[in-house]
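The hints should help you fit chain B onto chain A, whose structure is shown.
Protein chains: 2
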Amino acid sequence: MAVYTDISEAELTAFIAQYDVGELLSYKGIAEGVENTNFLVHCEKANFILTLYEKRVNPDDLPFFLNLMEHLAQSGINCPLPVARKDGEVLGQLAGRPAAMITFLEGVWMREPTVEHCSAVGTTLAKMHEAGQSFKMERKNSLSLHDWRPLWNKCMEADPEMEASLRTEVEATLDKLEANWPSDLERGVIHADMFPDNVFFLGGKLSGIIDFYFACTDALAYDIAVCINAWCFEPDHSFNVEKGAALLEAYNAARPLSEEERQAMPTLCEGAALRFMLTRFYDWVTTPEGSLVVKKDPNEYIRKMRFHAKIDDISGYGLSR
Amino acid sequence: MAVYTDISEAELTAFIAQYDVGELLSYKGIAEGVENTNFLVHCEKANFILTLYEKRVNPDDLPFFLNLMEHLAQSGINCPLPVARKDGEVLGQLAGRPAAMITFLEGVWMREPTVEHCSAVGTTLAKMHEAGQSFKMERKNSLSLHDWRPLWNKCMEADPEMEASLRTEVEATLDKLEANWPSDLERGVIHADMFPDNVFFLGGKLSGIIDFYFACTDALAYDIAVCINAWCFEPDHSFNVEKGAALLEAYNAARPLSEEERQAMPTLCEGAALRFMLTRFYDWVTTPEGSLVVKKDPNEYIRKMRFHAKIDDISGYGLSR
Chain A
1 MAVYTDISEA
11 ELTAFIAQYD
21 VGELLSYKGI
31 AEGVENTNFL
41 VHCEKANFIL
51 TLYEKRVNPD
61 DLPFFLNLME
71 HLAQSGINCP
81 LPVARKDGEV
91 LGQLAGRPAA
101 MITFLEGVWM
111 REPTVEHCSA
121 VGTTLAKMHE
131 AGQSFKMERK
141 NSLSLHDWRP
151 LWNKCMEADP
161 EMEASLRTEV
171 EATLDKLEAN
181 WPSDLERGVI
191 HADMFPDNVF
201 FLGGKLSGII
211 DFYFACTDAL
221 AYDIAVCINA
231 WCFEPDHSFN
241 VEKGAALLEA
251 YNAARPLSEE
261 ERQAMPTLCE
271 GAALRFMLTR
281 FYDWVTTPEG
291 SLVVKKDPNE
301 YIRKMRFHAK
311 IDDISGYGLS
321 R
Chain B
1 MAVYTDISEA
11 ELTAFIAQYD
21 VGELLSYKGI
31 AEGVENTNFL
41 VHCEKANFIL
51 TLYEKRVNPD
61 DLPFFLNLME
71 HLAQSGINCP
81 LPVARKDGEV
91 LGQLAGRPAA
101 MITFLEGVWM
111 REPTVEHCSA
121 VGTTLAKMHE
131 AGQSFKMERK
141 NSLSLHDWRP
151 LWNKCMEADP
161 EMEASLRTEV
171 EATLDKLEAN
181 WPSDLERGVI
191 HADMFPDNVF
201 FLGGKLSGII
211 DFYFACTDAL
221 AYDIAVCINA
231 WCFEPDHSFN
241 VEKGAALLEA
251 YNAARPLSEE
261 ERQAMPTLCE
271 GAALRFMLTR
281 FYDWVTTPEG
291 SLVVKKDPNE
301 YIRKMRFHAK
311 IDDISGYGLS
321 R
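If you're matching them up, the sequences are chains A and B in order.
With full-length UniProt numbering applied, the first sequence closes on residue 321, and no number is skipped along the way.
With full-length UniProt numbering applied, the second sequence closes on residue 321, and no number is skipped along the way.
Chain A extracted, bound-state conformation:
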């Protein structure tokens, strides 16, 4: 949750006047998203999400994110559409920050996803990957294999009390992933953060995907690995193989997985678990007490890393060979 920046009605009224959306009716800071400040804005003509991009987002990346949403929305993927101002621009400035208005998507995110939801995520992820193939811009994944060791070093610096056994375990995992990371998988646009809170459902159907602010160009199958970590474990952190099967089968039906992608899946899943462990760990030890950010426990992802380390075939995730 996050409302980092408050804005006055005078600032917002002036900002809104640049758009063809009618008069401002109301705006509320909403407690979703951890990187940026988000307001739900009601205007005469429609409802919008107004995002102020805080310092963790690189302004140079914003055209990639906004153009990607536009491209995907136009390709039939339900995602927010950046709203163009009267002068055609989609990116503005508000309260000293880059700011954009995007269309508001109805739908609710699943606090307790079921097998059916996992299946819907698999289908939509594959469709998104297909739609992304015609997107021309590229963005490097700033949280991929080669970024993990430097981030881990920062974690160790920030937490000198860390248990020796954890150090040994993570170093060994890094060694193994660096030795085995696949480099020949099909690449394209990935969402890279498709957790349940970024996927909306309405009447049992997947109604939209939001929050493309980690999207980048990387191995498509890595995006599946992120989703397996995010959707297929139970609240007690145990793996639910039915959910894994549902997600993978649905994906595979819409975009068949190559032999290389199947073989790489356990490594990709272990890497994805490490990536989320690292950012959570870093936030855990560096976020000051008294901050308004809810810190997420990194231990969940240490357990997931250990689970994936024992899987040696995609059948372990429920997809039969």
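I should point out that these hints are in silico values taken from the structure, not numbers from a laboratory.
Mixed in with the good hints there might be a few duds.
It does not matter which identical chain is used: a pair holds within one copy or between any two.
[Said to hold, decoys possible] Dumping the calculated DSBU-like pairs for lysine-lysine here, alpha-carbon to alpha-carbon at most 35 Å:
#	residue 1	residue 2
1	K45	K310
2	K86	K310
3	K140	K86
4	K205	K45
5	K296	K86
6	K127	K140
7	K310	K55
8	K176	K55
9	K55	K296
10	K127	K45
11	K176	K205
12	K86	K45
13	K45	K176
As the structure is a computational prediction, the values presented were derived from the model and not from experiment.
Okay, now just chain B, sitting in the frame of chain A:
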């Protein structure tokens, strides 16, 4: 800001089914209100605010608050209307907490109120006081004169490092207010917390009042004193006599102030400043670091107390005799 309690879509869908509002379309935790958890809920038939009452609200008080909103809304005051379930009840249970749905009011609150806004607040406050005269329920003000000394004692216990000069000053203020507090003023329903964030404007006009969760039965003029503290000081904490005049003149035009109310105004204003100083001070020293609540600086109200202590006539607030 506050989202203390998250709710799942399954819980909310079951809750919503008790109302004639159509299907649930979306819900977002909103960063407003410091006592309760609030969600902006979009349903097929309309938008609503869903409030989960957290432990600082006494459940026995909820019928007073909800019936008051209904009474005022039916008397022409723009305020949220509690939505009745199909069985006629307005108060339910959600996530183990008392919960109610109220109508969503469009409008924005003024971060930087002007003289015109103060005038509108004066008029609406007076109209609300008149409309409240036919409301039959009563609720004791739990933060009035006799509650201040015990609360101050708790503050001193919680902050043993407190400066001696502040202790002396507050004790003297308590002595003075206890000796001079008026007991013969006209009583009725007061809002008791009509700060700028609880008053919405739309197109320059006051469009609604929200957050009746401090409302109670007390001297009507005390509510004016709260508003003088909340609306008529500048960001540098200096008093703006034009704003005071606008608020008081507008109030007086809609509900003429009695001689007793005029005479009591400096005492009421000093008491109101003390009341907000005390709750802020108590929250300041007792809210744990790492809490998600934004703490408000009590010093602002110490300065206001000192200002009011020097005023000996309502003309000091801009209302000519």
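Run through the hints listed earlier and report the numbers of any the structure violates, in increasing order. Result: hints 1, 2, 5, 7, 11, 13 break, sorted rising.
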